[in-house]
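Assemble chain B with the ligand onto chain A, guided by the hints.
Read top to bottom, the protein sequences are chains A and B.
When you line the first sequence up against the working numbering, it's residues 17 to 153, in that order.
When you line the second sequence up against the working numbering, it's residues 126 to 536, in that order.
Hints in this document: simulated from the structure, not taken from any laboratory.
Relax, there's no trap hidden among the hints.
In silico lysine-lysine, PhoX-like type, Cα no more than 20 Å apart, as pairs:
id : chain 1 : residue 1 : chain 2 : residue 2
1  : B       : Lys-269   : B       : Lys-293
2  : B       : Lys-530   : A       : Lys-40
3  : B       : Lys-366   : B       : Lys-293
4  : A       : Lys-66    : A       : Lys-147
5  : B       : Lys-536   : B       : Lys-470
6  : B       : Lys-312   : B       : Lys-340
7  : B       : Lys-366   : B       : Lys-340
8  : B       : Lys-470   : A       : Lys-49
9  : B       : Lys-483   : B       : Lys-144
10 : B       : Lys-483   : A       : Lys-40
11 : B       : Lys-536   : A       : Lys-40
12 : B       : Lys-312   : B       : Lys-293
13 : B       : Lys-530   : A       : Lys-49
14 : B       : Lys-340   : B       : Lys-421
15 : B       : Lys-293   : B       : Lys-267
16 : A       : Lys-49    : B       : Lys-536
Label-pair restraints from in silico Cβ distances:
id : chain 1 : residue 1 : chain 2 : residue 2 : range
17 : A       : Glu-112   : B       : Glu-171   : 51 to 61 Å
18 : A       : Gln-123   : B       : Ala-157   : 24 to 34 Å
19 : A       : Glu-52    : B       : Gly-147   : 28 to 38 Å
20 : B       : Gly-471   : A       : Arg-127   : 19 to 29 Å
21 : A       : Leu-58    : B       : Lys-421   : 55 to 65 Å
22 : B       : Asp-448   : A       : Val-56    : 20 to 30 Å
23 : A       : Val-56    : B       : Pro-272   : 26 to 36 Å
24 : A       : Pro-55    : B       : Lys-421   : 52 to 62 Å
25 : A       : Leu-58    : B       : Val-145   : 33 to 43 Å
26 : B       : Ser-173   : A       : Pro-55    : 50 to 60 Å
27 : B       : Thr-450   : A       : Asp-61    : 24 to 34 Å
28 : B       : Ala-170   : A       : Tyr-43    : 42 to 52 Å
A virtual CB, placed ideally from N, CA and C, is assigned to each residue, including glycine.
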Amino acid sequence: MSSLAETKAAVVEEFSMFDEWLDKYEYLIELGKNLEVFPVELKTDERLIKGCQSRVWLDTQVQDGVLRFRADSDAIITKGIISLLIRVYDGRSAQEIAADNFDFVEQIGLRENLSPTRANGLNSMIETIRKEAERNV
Amino acid sequence: MHLMDIDQIRSQFPQLKEKVYGRQLVYLDNAATSLRPVSVAEKWAEMSLRHNSNLHRAVHKTAVDATEEYESTRAAVAAFIGAAAPEEIVFTSGTTQSSNLLASCLEHGNFFAEGDEILICEAEHHSNIVPWQMVAARKGLKIKVLPIDDRGQILISELGNLLTPRTKICAVAQASNVLGIINPIRKIADICHANGTLVFVDGAQGIPHLPTDVKEMDCDFYAFSGHKMYAAPGTGILYGKRSLLEALPPYMGGGEMIESVSWEKTTYAPVPRRFEAGTQNISGVPSLRPAMEMCKLLAGREITAETERVKTFLLGFFSAHPDITLYGNPDDPAEKLPIFSITVKGAHHEDLALILDKMGIATRSGQMCAEPLMDGFGVTGMLRASFAPYNTMQEAVYFTECLQKAIDMLK
Ligand SMILES: Cc1ncc(COP(=O)(O)O)c(C=O)c1O
Numbered sequence: 017m018s019s020l021a022e023t024k025a026a027v028v029e030e031f032s033m034f035d036e037w038l039d040k041y042e043y044l045i046e047l048g049k050n051l052e053v054f055p056v057e058l059k060t061d062e063r064l065i066k067g068c069q070s071r072v073w074l075d076t077q078v079q080d081g082v083l084r085f086r087a088d089s090d091a092i093i094t095k096g097i098i099s100l101l102i103r104v105y106d107g108r109s110a111q112e113i114a115a116d117n118f119d120f121v122e123q124i125g126l127r128e129n130l131s132p133t134r135a136n137g138l139n140s141m142i143e144t145i146r147k148e149a150e151r152n153v
Numbered sequence: 126m127h128l129m130d131i132d133q134i135r136s137q138f139p140q141l142k143e144k145v146y147g148r149q150l151v152y153l154d155n156a157a158t159s160l161r162p163v164s165v166a167e168k169w170a171e172m173s174l175r176h177n178s179n180l181h182r183a184v185h186k187t188a189v190d191a192t193e194e195y196e197s198t199r200a201a202v203a204a205f206i207g208a209a210a211p212e213e214i215v216f217t218s219g220t221t222q223s224s225n226l227l228a229s230c231l232e233h234g235n236f237f238a239e240g241d242e243i244l245i246c247e248a249e250h251h252s253n254i255v256p257w258q259m260v261a262a263r264k265g266l267k268i269k270v271l272p273i274d275d276r277g278q279i280l281i282s283e284l285g286n287l288l289t290p291r292t293k294i295c296a297v298a299q300a301s302n303v304l305g306i307i308n309p310i311r312k313i314a315d316i317c318h319a320n321g322t323l324v325f326v327d328g329a330q331g332i333p334h335l336p337t338d339v340k341e342m343d344c345d346f347y348a349f350s351g352h353k354m355y356a357a358p359g360t361g362i363l364y365g366k367r368s369l370l371e372a373l374p375p376y377m378g379g380g381e382m383i384e385s386v387s388w389e390k391t392t393y394a395p396v397p398r399r400f401e402a403g404t405q406n407i408s409g410v411p412s413l414r415p416a417m418e419m420c421k422l423l424a425g426r427e428i429t430a431e432t433e434r435v436k437t438f439l440l441g442f443f444s445a446h447p448d449i450t451l452y453g454n455p456d457d458p459a460e461k462l463p464i465f466s467i468t469v470k471g472a473h474h475e476d477l478a479l480i481l482d483k484m485g486i487a488t489r490s491g492q493m494c495a496e497p498l499m500d501g502f503g504v505t506g507m508l509r510a511s512f513a514p515y516n517t518m519q520e521a522v523y524f525t526e527c528l529q530k531a532i533d534m535l536k
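In isolation and in its complexed conformation, chain A is listed as follows:
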C-alpha cells in the first residue's frame, strides 16, 4: 500500500489532467458508479451525514488497527468524491488520518468549485472522517 502522501499526490496528479469542469465531473461520475456497493441495512440515521443536499451515509469500522470506511450517497458526483476519500483514507491508522490536513481536496479544486451547499456537505464528510479518526486514536 502506498503512503498517504503518495496516494494524495496521485489523486492530485490525475485531476490535473482535466482543464474542463465537465471532464472532472465525467471522471467523478465514473468513480461514483464504480464505488463498492453499500449494504442497505447500513443506511441508518446514525450513519447519515448532516449538511449535504444529497444524502451521504458513512460507516466506519476499526479492523486490525486501521480504519475501514464504506459510504454511499444518492447523488453520483458525491459518490465520486466519497470514492476519492475512501481511496485516500481507507485502511490507514487513526493517528495518520487525524494528523492529516485533507489538503488534496483543495488541490483538486473540489471545495471551492462545488456549490456552497455541496461544499458544506464535503466539509461535513471530511469532518466526520476526521472525528472518527480522532475518536479511535
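Chain B with the ligand alone, transformed into the frame defined by chain A:
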C-alpha cells in the same frame, strides 16, 4: 411607457451579460430572486448617495426628501396592487417578515382562542407554514392542510369540508414557488369569507408575473418580497384591509411606531406606522418604484408572448421526455407560471444542478423551502428552472439541450 422589445429589456439587466466559468450565464433561478435592472440599482444608489437621511424625524430638507421618496413609494405600491389607500401598505423586510408580523399581531391581538384552526395549503413555502405553526404551538391551535391533487392544483372541492366555525384564517400562495401553479384566490376567498374565515395570500411568486389586484382577489392580507420583483433585497410589504390592520396591536416596539411615550402610558401611531418600528430600509424601499415600472414593462405584449412560447415549449419538452416528471401541470397551461420543477429518473437533482452550473445555467435544486410538499410527492428534492419575463426562447432551448447532456452524463 413605450413598448420595448426583449433585447432592449435585457439590456436593462446587466447581469444577463455575465459569464460564469467562461460561459454565458443563463439565469433560471428567478423564483429565488430576480435580477436587478439598472433603474433599480440607480434609485437605490441615489437614495444612499444623495438623499440619505432618516425618515419622518427631522425637519431638514434631506429628511423631507427621503420621507417623500418613502411615502410616495407606499402610495405607488397601493396603486400597483389595487389597495384602497396607502395606509393599507406596511413596509417589511420581505414576505417572511410579513407573514411573521401578521401571525404575531393576530396572536397578540387575541384573534385566536385555544382550539381555533388555521388552514394552510399543502404547497406552501415554509415562510407561510412555520410562523403559523409557532403561533399554533403557543396558543393551542390546530393546523389543517388544504390538499392539492396530483397535478398540483388545490382541491377546491375540499375547502368547504375543511372549514369549520373555528377556522380563523386560511394561508395560501397566489402561486406556488415549486409548482408555479396560480391558485384560484378569488374562489378561495369567497368560500372562506362565507365561513367568516380571513384569507392571507403569499404573493412572493405571483407579483412578478401576474397583474395583481387585492380588491379583485378580495384577500384580507397580501404579502410580497421586493427582491423577487426586481427591487432591492430587504424590502417587502404586508397589505391588509384597513379595518383589519387597525384592529391589530403593534408588532415590535421602538422608535417611530409610537404616538407618545411616557412611563405611565405609551400610545401607538396609527396604521401603518404602528407596524414599522425602528429605522426602515430607507435606500431600498424607493427602489420598489422603478421595480414596479419594470413589472409593467415586462407585462408588455411582446414580452408575454415570448414567455408563453417558452412555457409551451418546455411543457411540451417535459411531457414528451420519458425520464422526466414535471410537478405542477395544470389542466390549463394558463394557470401556470414559467416555473418548472422536475425530477429525472436515474439522475439526482443536485448532480443535474451541478452539471448545469458548469454549463453556465443557474438553477435551483433541493427541497425549495417546501418540505411538506416534497414529502407529499415522495421525493427528497427537485430541480427547478424558474424563468423571468426577460428570459428567452433561445435560453429555454439551450437549457433543454444542456439538461439532456447532463442526463446522458449521469445515466
Ligand atoms: C412562495 C414564497 N413565499 C415566501 C417566500 C419567502 O420570501 P422571502 O425570503 O423574500 O421572505 C418565497 C421565497 O423563497 C416564496 O417563493
